[in-house]
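Engineer: Each chain, written out:
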Amino acid sequence: MSNIKKAFEKGKAFIPFITCGDPSIEVTEQLVYTMEKAGADLIELGIPFSDPTAEGPVIQAANLRALTNGVTTDKIFDMVEKIRQNTNIPLVFMTYANVVFSYGSEKFISKASQLGIDGLILPDLPFEEKLEFLPLCKQYNIDLISLIAPTSHKRISMIAKQADGFIYCVSSMGVTGVRSEITTDVSAMIELVKKAQNIPCAVGFGISTPEQAKQMANKADGIIVGSAIVKICEKYGENCIPYIEDYVKQMKQAIL
Amino acid sequence: MSKGRFGVHGGQYIPETLMNAIIELEEAYNHYKNDAQFQKELSDLFQNYTGRPSLLYYAQHLTQQLGGAKIYLKREDLNHTGAHKINNVLGQTLLAKKMGKTRVIAETGAGQHGVATATAAALMGMECEIFMGKEDTERQALNVYKMRLLGAKVHSVTSGTATLKDAVSETMREWTNRIDDTHYVLGSVMGPHPFPTIVRDFQAVISKEMKQQILEKEGRLPDVVLACVGGGSNAIGAFYHFIEDTSVKLIGCEAAGRGVNTAETAATIATGRLGIFHGMKSYFCQDDYGQIAPVYSISAGLDYPGIGPEHAWLYDTGRAEYVPITDEQAVEAFEYLSRVEGIIPALESAHAVAHAMKIAPNMDKDKIIIINISGRGDKDCVSVAKYRGENINE
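Protein chains in written order, with our numbering: chain A, 130 to 385; chain B, 146 to 539.
Only chain A is shown next, with the shape it has when bound in the complex:
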């Protein structure tokens, strides 16, 4: 069983996202340990990209802060190496196709695998283009995570049949960011997935409050929260750790 599947073994999974290097690479490392203790089951580590076209303003700004701080893919690899000496929590990279491609796809994927990264999420890599990276991901035992969206309809079963790790269910139209209301019929999306393959489904895009988390967790196997956490990084900078700890505890509690 892949390390990712283990994240969904103990009930509903809480999956926080943070941007590596925001506010600093040292704080990112500490946040991984803190969030694990606070109840995170799998952590999404964002590798910043200059032009993150699937992100809303909050994560766009985090990408910019991280890049301005001088964070690079190699520095993030070094950080993961340290993290893996201290914890075995499932870790996935979330970044854009060019970050992987430009580093050298095989060099990136083999290195990530060797350092203990379990999966890779690329929001600009749809089903039709997944052969760009899938053979290498299979070769090096990294789950290439598939996304489904409110517009996917008939595509869901095609995507789900070939999916690895878990399915990232995009709950809202548009880009990442907190929303007051989620109107998509997430249950219907997940039902289509489960018909095609019994694979964990985690819901993301727009979730920020414990109430929303609870509501979504009733339908899904896990909850992904990004912008709400990144906002705390933005607000408290180097001092964000205890605030994020509290937030993760609260969110995990809500989905238990």
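Hints were generated in silico from the structure; no laboratory data involved.
Glycine is no exception: its CB is placed at the ideal position from the N, C-alpha and C atoms.
It is possible that part of the hints are untrue.
Below, a list of computed lysine to aspartate or glutamate pairs in the DMTMM-like style, where the Cα atoms sit at most 20 Å apart [said to hold, decoys possible]:
| hint | chain 1 | residue 1 | chain 2 | residue 2 |
| --- | --- | --- | --- | --- |
| 1 | A | Lys283 | B | Glu171 |
| 2 | A | Lys343 | A | Glu310 |
| 3 | A | Lys236 | B | Asp432 |
Facing chain B, from chain A, some residues (calculated, C-beta under 7 Å) [as the list claims (entries may be wrong)]:
| hint | residue |
| --- | --- |
| 4 | Ala183 |
| 5 | Gln189 |
| 6 | Phe230 |
| 7 | Pro252 |
| 8 | Met302 |
| 9 | Asp314 |
Once you have looked at the hints, place chain B on chain A.
Structural biologist: Coordinates of chain B only, in the frame set by chain A:
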């Protein structure tokens, strides 16, 4: 290999949210491109609204002064709205209308594509929103006013470098937000398939006319076709029907900004490498880690860190050549053509004029160059005056 490839380039690297919209667009386009009624409506618009065919003008004074090859200018600047952009926009907006869309959105750099889209939306009674980098709204304030006058809503984009690439990113984000009633009128031969093909087909009218016109005037094909390249829509339009005629040299002129050895450049072929961005695999200006470079050119329309996938392929195969032209060379050409022929070219097109000034004197008098004057330069007078240290109020 996935759909829409030009060699290794192209493809559809976009969020899942957009995939069904892109598939729907491809199906609609494949249907309407062979639909006689659609083609009739479009050619009627070209003829009676845009003013096509655009002239192929023999630039006698330019030819004599440079003292070499015979130079013709393809006058896309005479199109309604002042640039080649309208060719693609009328095609796409008509297509969007047939698809039942009621709203169009678009990015714009210099503002020409935004003005053209706002124009087509006004003509066809559609809602229109334009995304433009904040820096560009400042250097192209007149075009911002025109778009508003035409009924469009203009969003000033402040993310990233606040130029064309950020306007594209923001328009893509808006499209993922609202797809059902909205078509994204992409302005260049870039982005995910089918855009590079659709835009090329609508712009190919340029080389189709060029070929007929030069055969009528000279009884033979040109030796060189020159066009400026940002994303590359006017260039692909000017090259397309000559690709099979291997005697015709195709040269794309990129914006070198302050020079290809500086960081302030937008010359993708000269300084970029293979990457994946804005929905396509192609060449991009980027750093070692794949971060897209904050490119620069005096010309807002060429200030883009990538190049369309078909150009990347024409470069790979050696069928077309791409040369960098600096701000200084483009400004000199802008002034020179104005003075010599009484034609003020867009700063973008001036990059192609600059290369003609380099090569024409060394060519025999029986050789023929066609320069695609992709747009007119009224919009650039403030920038050029400023470049020369003069402050003019509009």
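Engineer: Each of the hints needs a verdict: does it hold here or not?
Structural biologist: Structure-based check of each hint:
The suggested pairing of A/Lys283 with B/Glu171 holds, with an alpha-carbon distance near 17 Å, which does not exceed 20 Å. Proposed proximity of A/Lys343 and A/Glu310 is supported: the alpha carbons are some 13 Å apart, at most 20 Å. Among the hinted pairs, A/Lys236 with B/Asp432 is consistent with the structure: their alpha-carbon atoms are about 17 Å apart, no more than 20 Å. Checking A/Ala183 against chain B: minimum C-beta separation of about 5 Å stays under 7 Å; hint holds.
Annotation: A/Gln189 was flagged as interfacial toward chain B, and the flag holds, the nearest CB pair being 6 Å apart, inside 7 Å. Annotation: interface hint on A/Phe230 holds; nearest CB of chain B at approximately 5 Å, less than 7 Å. Given the 7 Å rule on beta carbons, the hint for A/Pro252 holds: about 5 Å separates it from the nearest Cβ of chain B. For A/Met302, the shortest C-beta to C-beta distance to chain B is roughly 5 Å, which falls under 7 Å, so the interface hint holds.
The criterion of a C-beta within 7 Å of any C-beta in chain B is not met by A/Asp314, whose closest approach is roughly 15 Å, and the hint is violated.
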